[in-house]
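**Student:** What follows is the residue order along each chain.
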Amino acid sequence: MSDFEPKVVAFVCNWCTYAGADLTGTSRIKYATNVKIIRFPCTGRIDFMLLLKSFANGADGIIISGCHPNDCHYTSGNFHAKRRWIMFKELMDFMGIDMKRITYSWVSAAEGARWAEVVNTTVARVRELGPYVSYQKMVNTHIEEEVTNE
Amino acid sequence: MKIGIYPGCSLEGSARDYNESVFALAKAFDIEPVQIPDWNCCGATAAHNLNKELSLALPARILALAEKHGVDEILVPCAACYSRLVVTKHELQKHPELKNRICEVIEMDYKGTSKIINVIEWIDKYIIPKLEEKVKKPFNYKVACYYGCLLVRPNKVLNYDRVEDPQTMDVVMSKIGATAIDFAFKTECCGAGLSISRTDIVSKLSGKIIEDAEHRGADAIIVACPMCHSNLDMRRPDINKYWNKEFNIPVIFVTQAIGLAVGLTPAQVGLKRHFVEVKIS
Amino acid sequence: MARIGVFICHCGENISATVDCGKVCEAASKLKHVAYATEYKYMCSDPGQSLVKNAIIEHKLTGVVVSACSPRMHEPTFRKATAEGGLNPFLCEMANLREHCSWVHEKGEATTEKAIDIVRTLVEKVKRNAALQPIRVPVTKAALVIGGGIAGIQAALDIANCGHKVIMVERSPSIGGHMSQLSETFPTLDCSQCILTPRMVEVLQHPNITLYSYAEVEQLDGFIGNFVAKIRKKAKSLDEKACTGCGLCITKCPQKKIPNEFEEGMGFRPAIYVPFPQAVPNRPVIDKANCTYYIKGKCKVCEIVCPTKAIRFDQEDEVIDVEVGAVVVATGFDIKRADFFPEYGYGKLKDVIDGLQFERLASASGPTNGEILRPSDGQKPKNIVFIACAGSRDPAKGIAYCSKICCMYTAKHAMLYKHKVHEGNAHVFYMDIRSAGKNYDEFVRRAIEEDHVNYIRGRVSTVYERDGKLIVKGVDTLLGAQPVEIVADMVVLATAGVANPGAEELAQRLHVSYDSHKFFAEAHPKLKPVETNTAGIFLAGACQNPKDIPDSVSQASGAAVKVAALFSQSELTREPLVAAVNRFGPPLYSTCVGCFMCQPVCPYQAIEREEIKSRDGKVIKSLAKINEGLCQGCGTCVALCRSKSIDLYGYTNEQVYTEVVALLNDY
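Protein chains in written order, with my numbering: chain A, 199 to 348; chain B, 6 to 286; chain C, 46 to 712.
In case anyone wonders, no lab produced these hints; they're calculated from the structure.
Treat the hints with care, since some could be wrong.
[Stated by the list, open to error] Quick list of in silico lysine to aspartate or glutamate cross-link-like pairs, EDC-like style, CA-CA up to 20 angstroms:
hint : chain 1 : residue 1 : chain 2 : residue 2
1    : C       : Lys563    : A       : Asp269
2    : A       : Lys228    : C       : Glu158
3    : A       : Lys251    : C       : Asp692
4    : A       : Lys234    : A       : Asp269
5    : C       : Lys354    : C       : Glu368
6    : B       : Lys161    : C       : Glu247
7    : C       : Lys514    : B       : Asp187
8    : B       : Lys116    : B       : Glu102
9    : A       : Lys228    : C       : Glu247
10   : C       : Lys210    : C       : Glu247
11   : A       : Lys234    : C       : Asp711
The model shown is predicted, which means the values in this text are computed figures rather than measured ones.
Chain A on its own, in the form it takes in the complex:
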């Protein structure tokens, strides 16, 4: 498993974390290549079903990151995201999804170094956990079953 390179998807808001990740670049701080960013206007826009979609498509880890509390460009989007996240997290945990694979963080536009740290710690953690095949297998078997039942 030593050559395992985890795939990590990052869902970030445009105003804080995306800009923070831009700053990581401008400051030339290096981090793992495993993370790829998808831009959203606000964490409030992030539909958490996207997480399941990501795992089903082979993601091994996920980062969700937006503005710090009270810093939301849209005033309260990050609060709504957090509230929904608290519920959704419970549900996913109950369903048996490995929550250690998900990082929920706040990275501001001024925290370039912090973004690199969030990425690196997440990648290191997911690397240790190994590929998330159990979820993909479960999803695929379920689909196959449905197909055969028809």
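With chain A's structure known, arrange chains B and C on it following the hints.
**Tutor:** For chains B and C alone, kept in the frame of chain A given last:
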């Protein structure tokens, strides 16, 4: 709640009076602090300048011993010991690897479960609530509360009282009828560890504290640190010689003052051991 | 059938040094629906942009992916180029290969692979982009200026002189701000009141300016060009039209022992008062918290003596809505008071005062009529110590920044003292002298060389009282860290400038960001120092950080120009990246079930209720409807909608789900 006491070297030596007053006061209030068995030196004042690991290992062993004997709260009357113990607890809590390393050194488990309290906190928690019914002779004097350096510093770690102008001892003293004067030298340096090597500096610095207290009309200086006490009391002949004055204001431990107020005799609280005669009783 | 063009930028060597651009280009050209892929050294240059334009025409492209730097940098550039190529600008997406790839990874295969993944994701997204039309919104050509200090006054006058309406809201009974409290100003030593009061009067008399004093902004809704501000006009207990400002009520008010805020607590004022003689408007207000009538229910002396019967005890606060197109925030600053400094006596020592108090002592209209007399006993101080950087540049006090104005005003204070008390000695303890500015350093030199102010470089550890004198213990670091002890009669602390109390709440009400010290945050520290992150709201003066008068005035004029530029058009165009509820023909109309869970989560109150009615007026269905003028496109409603009936243009469900799939799968 099991209360332990860590006396440290001075309370068994130069500050026996302080030790006697703490135990006499505890007895008067039906508290029995248990001395932590097999205690060792806390490392003050030199260890942290010479060997960081040693300076943490020494207090860590004391704390580990306290935990081993199920002590919930450790009363540390000496301000220097108090500072070393609290700083060590803080460092080990902040750096888990360091904690593991220190545990290896002392060959004991350390969790950081015991609470460390200084003498003012102890008085505040266990003596003050029952004080009113026990006060027999109100301590009707003007006092200058002298905190010294280690009782409130480093403030970020201790998180105790306000660092530039502490108040806790003033409040405690007011509870036994004393009037705490507005004293500018509460946390000025007494000369501390230079007591042995540079008595001239101690004479100068301690002299300033004594001079200001007398000038403001205080009847006594109240302290809670054996080092402060020895510099202000034991070094008085040197101070008087240096300043060419006859300062005779007594220096009294906070526990002695409360002891007198609740009816203990001067002998019980160790007043006879002082160098400067205490005419208050 | 989609035809996508992919344009890979080398950004000089910024991208190509670590990403193999040739390989990315090759991989991109093999992607499904990619009709054209190319690479170029500087895509943002003129030839680079032409490359995009020409390719759109030549290859009949239906979408463009520019793989270059962050979209936060060049998205507008390439959207414009796309439009010039004849394609809807919203059919252009940017793949961030620089900030998110080449700059943060080492050269290698993995980096190139990641670049390809990013390009593929954006190609899949752009295929699903819709051709969107910009939203046009009207502009209300009136500005709201919050705060009536020198910055607010300057901004209001400049905007009004451009021919636009201005509404000025001032929290206290008079405009003028801290500048009206100052005695004389550096570096010219001209009297503050003399240069300020004509401008205050100008504000009052300007036909384009409406002044609401003793009022506060309670709420701000809307967006650039179309704000609605809720203003609470606090009850002055006065009919302003009837009042002539004769001042009889003020002299007769029996309650005279209220600490005077304008005099920084060094004088008293009655319960009905004007803050200072030159106040604008020069009409009194009743301080309800201290008025005997309001406390005990009887007195009414002012009502009895008023010749024009202008007192109105039953007056209530009035809340009004005003429509404005832009907002200038000029709420100013505050200073730390002496009680913040335990080492200097916690404010217990009466003769340890702050800079503003010294201004009042030195002011000809102040409590001592301009004589420097110490507060405790009214004696003239023979020895005075000024402590610069009290709190500032002191991380232990939580204030790491330099308050900027103190070096200069301390030099001024020492000078004023020497000019008034010739035989006195002035000492200044300082860390560094920061006197950058036109004629500033010369001013400080004058204080030292001509007025013989004793400057001591070092900090003061403590100030305490002994026998009626203040003992100041410090250090002289230029004399080998020698301890210095000065027996002083008075000590003046140049305390740190801090944000106004209530600044944080105001920032949250206005939806502008603020820093950890509660100062309002500019949109960009260098290139947008006047703008906030919220379009249409601008900053002026010391609400952003401590500033002196020339800086505040310059920034206020800058803010005024921004407002004037905004008002130069009658319509604004906005990006159409807004949310919309889906709509179909009958019988479904929409998948929206009318639960309206989206309504409370919308930060902009942009979600309305729409009723679909039959011809005879019967309600068939209630639906959510999004006001695209108010919607800012955060998408919180989209993620929340239980029936997935809302979507966000630019970030549709289809687009984001496709992005996830494309990112994780090789096609």
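**Student:** For the pair supplied as a hint, Lys210 of chain C and Glu247 of chain C, confirm whether the alpha-carbon distance does not exceed 20 angstroms.
**Tutor:** holds (14 angstroms)
**Student:** Mind checking the alpha carbons of Lys354 of chain C and Glu368 of chain C for me, to see if they're no more than 20 angstroms apart?
**Tutor:** Answer violated: Lys354 of chain C to Glu368 of chain C is near 34 angstroms, above 20 angstroms.
**Student:** CA of Lys116 of chain B to CA of Glu102 of chain B, is that 20 angstroms or under?
**Tutor:** It holds: about 13 angstroms lies between the C-alpha atoms, which stays within 20 angstroms.
**Student:** For Lys514 of chain C and Asp187 of chain B, compute the direct alpha-carbon distance and say whether it is at most 20 angstroms.
**Tutor:** holds (14 angstroms)
**Student:** Checking one constraint from the list: CA of Lys563 of chain C to CA of Asp269 of chain A, max 20 angstroms. Satisfied?
**Tutor:** holds (12 angstroms)
**Student:** Regarding the pair Lys234 of chain A and Asp269 of chain A, is the alpha-carbon distance no greater than 20 angstroms?
**Tutor:** Violated: Lys234 of chain A and Asp269 of chain A sit about 24 angstroms apart, past 20 angstroms.
**Student:** Are the Cα positions of Lys234 of chain A and Asp711 of chain C separated by 20 angstroms at most?
**Tutor:** Holds: Lys234 of chain A and Asp711 of chain C sit about 14 angstroms apart, inside 20 angstroms.
**Student:** With the threshold set at 20 angstroms, check whether the alpha-carbon distance from Lys228 of chain A to Glu247 of chain C stays at or below it.
**Tutor:** Distance of about 57 angstroms is beyond 20 angstroms: violated.
**Student:** Holds or violated: Lys228 of chain A and Glu158 of chain C, Cα atoms, limit 20 angstroms.
**Tutor:** Holds - the C-alpha atoms of Glu158 of chain C and Lys228 of chain A are around 16 angstroms apart, at most 20 angstroms.
**Student:** Has the given pair, Lys161 of chain B with Glu247 of chain C, been kept, meaning a C-alpha gap of at most 20 angstroms?
**Tutor:** Violated, because 52 angstroms separates the two Cα atoms, which is more than 20 angstroms.
**Student:** Does the alpha-carbon distance linking Lys251 of chain A and Asp692 of chain C stay inside the 20 angstroms limit?
**Tutor:** Given pair Lys251 of chain A, Asp692 of chain C holds - Cα atoms ~18 angstroms apart, limit 20 angstroms.
Hints 4, 5, 6, 9 from the list above are not met by this structure, while the remaining hints are.
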